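K.L.:
Given the coordinates of chain A, assemble chain B onto it according to the supplied hints.
Each chain is listed here by its residues.
Number of protein chains: 2
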Amino acid sequence: MSQQKYVYFFGEGKAEGSAEMRAELGGKGANLAEMTNLGLPVPPGYTISTQACAYYYQHNGIYPDGLDEQIEANLAKLEKAMGKKLGDPENPLLVSVRSGAPVSMPGMMDTVLNLGLNDETIKALIKQTKDERFAYDAYRRFIMMFSDVVLSGEEGEPNYRPGLKRHKFEELFDEVKEERGVRQDTEVDAKGLKEVVEKSKEHFKEAYGKEFPADPKEQLRLATNAVFESWNNPRANAFRKIKGIRDDLGTAVNVQAMVFGNMGEDSGTGVAFTRDPMTGENVLYGNYLGNAQGEDVVSGARQAMPISEMREIMPTLYEELKGHAERLETHYKDLQDIEFTVEKGKLFILQTRSGVPTATGRAVIKILVDMAEEGLLGEGEEGRKQAVLKVQPDHVDQLLHPQIDPTVEVEPIAKGVNAAPGAAVGAVVFTPDDAVSEAQAGKDVILVRPETTPDDVHGFAPAQGVLTQIGGATSHAALVARGMGKPCVAGCDQISIDLDGKRFTVGDIVVNEGDTITIDGTTGDVYLGEIPTIPPEMTDELRKLLSWADDFRWLGVWTNADYPRDAKVARDFGAEGIGLCRTEHMFMERERLPIVQEMILASTVEERQAALDRLLPFQRDDFIGIFRVMDGLPVIIRLIDPPLHEFLPVHEELLEDVTKLRIANHQLGGVFADELEQKEEMLEAVEGMREMNPMLGLRGCRLGLIMPEIIEMQARAIITAACMVKKEGVDVHPEIMVPLVGHANELKTTKDKIEAVAKQVMEEQKITVDYKIGTMIEIPRAALTADEVAEAADFFSFGTNDLTQTTFGISRDDAEAKFLMRYVEQGILTENPFQTLDRDGVGKLVEMAVENGRKTNSQLEVGICGEHGGDPSSIEFCHQVGLNYVSCSPFRVPIARLAAAHAKLKE
Amino acid sequence: MSQQKYVYFFGEGKAEGSAEMRAELGGKGANLAEMTNLGLPVPPGYTISTQACAYYYQHNGIYPDGLDEQIEANLAKLEKAMGKKLGDPENPLLVSVRSGAPVSMPGMMDTVLNLGLNDETIKALIKQTKDERFAYDAYRRFIMMFSDVVLSGEEGEPNYRPGLKRHKFEELFDEVKEERGVRQDTEVDAKGLKEVVEKSKEHFKEAYGKEFPADPKEQLRLATNAVFESWNNPRANAFRKIKGIRDDLGTAVNVQAMVFGNMGEDSGTGVAFTRDPMTGENVLYGNYLGNAQGEDVVSGARQAMPISEMREIMPTLYEELKGHAERLETHYKDLQDIEFTVEKGKLFILQTRSGVPTATGRAVIKILVDMAEEGLLGEGEEGRKQAVLKVQPDHVDQLLHPQIDPTVEVEPIAKGVNAAPGAAVGAVVFTPDDAVSEAQAGKDVILVRPETTPDDVHGFAPAQGVLTQIGGATSHAALVARGMGKPCVAGCDQISIDLDGKRFTVGDIVVNEGDTITIDGTTGDVYLGEIPTIPPEMTDELRKLLSWADDFRWLGVWTNADYPRDAKVARDFGAEGIGLCRTEHMFMERERLPIVQEMILASTVEERQAALDRLLPFQRDDFIGIFRVMDGLPVIIRLIDPPLHEFLPVHEELLEDVTKLRIANHQLGGVFADELEQKEEMLEAVEGMREMNPMLGLRGCRLGLIMPEIIEMQARAIITAACMVKKEGVDVHPEIMVPLVGHANELKTTKDKIEAVAKQVMEEQKITVDYKIGTMIEIPRAALTADEVAEAADFFSFGTNDLTQTTFGISRDDAEAKFLMRYVEQGILTENPFQTLDRDGVGKLVEMAVENGRKTNSQLEVGICGEHGGDPSSIEFCHQVGLNYVSCSPFRVPIARLAAAHAKLKE
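Chains as they are written, first to last, in my numbering: chain A, 6 to 912; chain B, 6 to 912.
So here's chain A without its partners, still in its complex pose (with noise of 0.2 Å):
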């Protein structure tokens, strides 16, 4: 009976495995055979297979038949080729034990180096090496290596144990160093490695029980046991729950001849990237450090040397890299990140992956094109598909905010939600009046607030960023923030804001205003003082890849705007036409919010019908300025959406001011009578519209349903404007969109109001536009009977932030600090499902409105306006379930752009 194979060896320019067996061997195995097979210098070994452990694991820690045969087997090859054999007191073999699954995985077992020395075979590396330094240093280092990686186990095991962990290694030689009055590891003599060596085995056995193993056999299978079992480690079971990477997969055994960096001055390691991973340039790039082993390159004890100067001091030896650098850029198509070594003037390659995890965005995506340019990645459309393939999203959103620099080490005073991305930096004001004023004296400032209202909108404006203490991702400061791409960081609860004091501090840190802080948006950090950062950019490959990326895909990419500058920006970056155009921010401008509380608080028809009366000439102007920019593009308008009480002051703080009126009025006698009414009167209109789930409440189409006036304004100057532009000779789609129907006779009605008003308006203009009307589907129910409400609509727009809130039962607002994140750490939940849309339910809704709205509409036109319409994972489901776009944030567009030619690809 033929035996499974468990066991490849790689070695003497041939390797039993290859790139493709990744599965079986791991990454590193699989590349180490790879490797092996082009000819590259790799030390040889065998790989142990992931099917070994599995079956380790099934079995409670049996190995299956055979697996013990095959081990010795591929050692004595190794022996062979090494000439050398495991344990032989002459000449003995080291090798290096390491882990390697199908997927990179954090908590796993990583390395243990200079496996094979015990009291015997160290006396041969002296005689061998002349370097008695050297050998007692090995040995000590992998007395310390093995007892923390092979046998401390993890807190929460039954098998840990703390005696054995590396910092109580390193106590021991501390002590050593100090007896000899040394700061330096490299102040100790041999005689005092020896004597920490000896120190280390002493403590070995109190705290295990037993010698420490001597013979290398048993220090191989110990070391091979120990990489199975830390397949299952809590930290590794944890991360594959989260990732959701299956639990039977298991985890390859690398086991490898050592080769020795710190033999000498002719000795050295390094690690070198095919192209500089920072800028993209196509230079070999990386450090060298002489007489070194790769954990000193690691610690920084000494600095290393750019890799360019390698070539000046070993012109040959930097060409052989160079040569086997190119090689594997060539083979893998991919930047490769490489660690090497160089062992008496011999080179040894150790590793290769791919450098992109470890690049900048902007790095990768000159490294891509100019591959494909070059040819590297396929002829012609085909390089250009793999270009636009191995780009990520990330990379794009790296270049399209300032970031903070990363090579920049500081620590932030405090985190709140990553509300808008970007990072930004001035001096603190605290009131929007401060920010007008401080930015028209030219200076860039931070605005800082408790939280925002509409009354603070126009300090977001000149202000580079926002900074509040209250709220999430959608509350107020956070979504004015994004609309306008200004970077925000909201609910930052560690700061304690003093606005009549003007000053807020964190901790013992005290901040007033004028004091330059740094946000950093993407990641919510704020800094203290000015921090550097790199500014956005569409660079010229960038442009070339999208355009690419547009060859491919077939979802359009429009975006949300509401502002002429924002649809600019947009149609710049590729839009296609705006998906979501908010009335509402307009009705918050600050010349135009008096008007508007005086149409929220008329008492009758007709003086609502005065104010709005006011408000059409903004309004029809506003749609005047955005139907020029998108010229020959749709724009997609949506209908007041939000509860009216927004327009007017914060309850709370009205209900304040009220009671401390009431008692300086009654001890007064009745000075502050006038101002006391007046604010009475406001807090009644108030308090008669406050709503005890505003989300659910008087908003959107049943506004419009409730007071007709409003829409009819709304349609008033939409149509007047579109007729305009169109007499100018702009080519004008408007598209009319009403928002929270839940039922269609919502939709019917509205329908009904807004063509009268738009057919009213054509005959006075004299003229006709084409124009659609249609719908956000937001609401579970419009979803669930999409058939009906299709019959009247023109195109549906999937308001999924909405409608994950209504689908979940969760209000974005109060979950997202409260519990949505502590549900993604548990688990419960894998992602936010309001940044990636939850495909199981709110995409289930998607489907079925797609499909249903369809049956009864073919002509309908299918798109997405909410948040998720600028996340790679949606806009993927977005794309499989057949919609006709995506609408998503001017900044997010080349984003989209990209994601929806990847959906393509991948099909």
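Note that these hints are calculated values from the structure, not bench results.
Fair warning: this is a prediction, and the values are worked out from it, not measured in the lab.
Be aware that a few hints might be false.
Intra- or inter-copy, both count: the list cannot distinguish identical chains.
To be verified - Distance condition first, Cα-Cα at most 25 Å in a straight line; then the derived DSS-like pairs of lysine-lysine: (1) K823 with K758; (2) K849 with K860; (3) K173 with K132; (4) K753 with K823; (5) K210 with K222; (6) K82 with K170.
P.N.:
Positioned in the frame of chain A, the structure of chain B alone reads:
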């Protein structure tokens, strides 16, 4: 070519139609035909079919071919049968013209009497009757009725002629009376009436521009067309739209020979029920008025006699009538409401229809149970089935609450939301403490509050009913009151409460503490003083009827009950389990609330645990009480659901207090420092827990996932109680329900926690109990992913209150008053979806969830515990989609038993 038949004759003992031809002949016409065929003395006539009306509409007022000829022929037949001719100056035929649609419809043309009169024919009438006064009175009435009914039109219609309205003619009559110095119609002699006729004709000419139509054939054609037209008047159209009646049905026209009850002392008119419609007693019931027309009975100018007196005065006629009545009841197998006229000693039956719509619930139930037992409704089971089908849920509902005595006529002083059914009488109190003390003093009280909070709950139990100024049908007051079976009128914003002055006002009316009022929670009406009520009662007949219903139904009927006393009531009413026992009401009881608040405000887990430990015995004892009452039946206990801030003081009140205290404390040098600090602490806590949309916030299972201690305490209390009662010998079936699940993982995680506690408790108690764990389905996402949720659930219970809120995106509290009722009025929604389950939207989710849930868990027990569980239409839906049971409030259990039987029988 044979023509379609449009006209159906009835008379001389034979009719062309029958009761089955309701669709063609309308309800009235079909019954006239049926009675004729039964040999009853029905004045002859003919019915023009609804098809003729439909044709008339489809062809813009043109008659179908042959209709004119068929009318002509039937009129001739009628003339022959009566030995009179229409318009004959010697022996004129007079007829009535009435509409009659297949379904009863208000707003359609009703009746024109005495058609055929003109200046010629009246002479013959005088001659024949020898009663000039009678003849002119008939002529006067005819001109008025014809003008009003046939020619005046309706406001908004093109043919609207206000000058022809009835009251214009009555003014003319009034003028004549004034001239003669008399007040009663009967005081005007023949000459006076003749003058009224002349004046009426003049007025007609002026208002119409033409002479009053003298030609009886023209009169008949105009009246026939008017009936056709009335099918399409605005009121009839609106009614059909609301009720979903097809527009193309059309109405029939009944033309029938006149008989006169006002031709002397041997004439008269009356109405008779075949049994007593108030009590259901099997005796002929009704009224008779001698020498009168139907109109006179209605106007109430003269007092009619009870029909029992007729027996003594005219025994032969009475017996004849009784015979006809029995004949009709036996024939129709239903209580009959009969109109009859005696003309010169001869009895005519003019109409018969079901008497059920105007009978009391108690009577209907008794009558149908009696009829079934008499064998009238069919043999054995068939008879019981018919009785069950004919009793409507509303009949049962009437019996289960005290009702305002329907015979009393009194105007309410205000109207609010009908929040919990039944009438209550009591003295007004304004605080819960006053309610307690007044009740202890033996007084019936009504608790009147602006709105209620948990602090007020101890005032509910001692009160007869509750009246609030603010809040709708799901306000705190409404929910608590319904749960307790207390009548409640909520959100009565016409009243203005002065708590300090202990009074409320409605306009000019002032109601002081101690004044007696009556509230009707069934209608929302509020009355001054004590209005007589009828007490609720489970009559013997109802018991019998429901036991029959139980034999037919398939759907289980459970109840929502939080307390043993409610459970007892429900079990007596036939509940087969508890479908929803809410635990939060238990938290709100006075002695427990401080401990609950301590638990909520705890700053450490230990403090919280300590408070929970003190709550545990209370909860355990609550459950023990319920388990004992429900011995042998399942009890579903829902874990805590509302957001915790509902157990804390109201934010606004605290804010006001703190603001006042701050000022006072400052001005008085800190004397309130302690109180202020305490209140400020509470304010801070409340502010920390406030939510924008509490309905969608931290509540339900989310609470338990963030603070597991709470649900662990509840699980411990439930399982401990179950173990303890099992030891007593109680057959206990606890089912633990997890609320507000949106994702299967929420349920799975919670289930793990409950199971761990249950295991521990059963070990401690050394006994095991079977229990189930399941979930509410009240979030759309749970319904959409029911297959996954069902994997972890033993049962589903649809919480259709919240499911309706989230599916519609509507907060009931905010919506009901502000726009939902307007939606129903405007026809945007046909029904309030919180009362009757929305089948298209919410129902679709329910259906999906049942189907998908049973796919992964075939044993899944599925029920509904929202308010819809007590609504007959919704119960029918629950039956159709295959739920196992419905659960409703105790007082709706009998209704649900009946409705469940209906659902099965109507399949």
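K.L.:
So, for every hint listed, does it hold in this structure?
P.N.:
Tested hints:
1. K823 with K758: between (42 Å within a copy, 21 Å between copies)
2. K849 with K860: both (17 Å within a copy, 17 Å between copies)
3. K173 with K132: neither (30 Å within a copy, 132 Å between copies)
4. K753 with K823: between (39 Å within a copy, 20 Å between copies)
5. K210 with K222: within (19 Å within a copy, 125 Å between copies)
6. K82 with K170: This pair counts as neither: shortest intra-copy Cα distance 34 Å, inter-copy 116 Å.
In summary, the numbered hints that this structure violates are 3 and 6.
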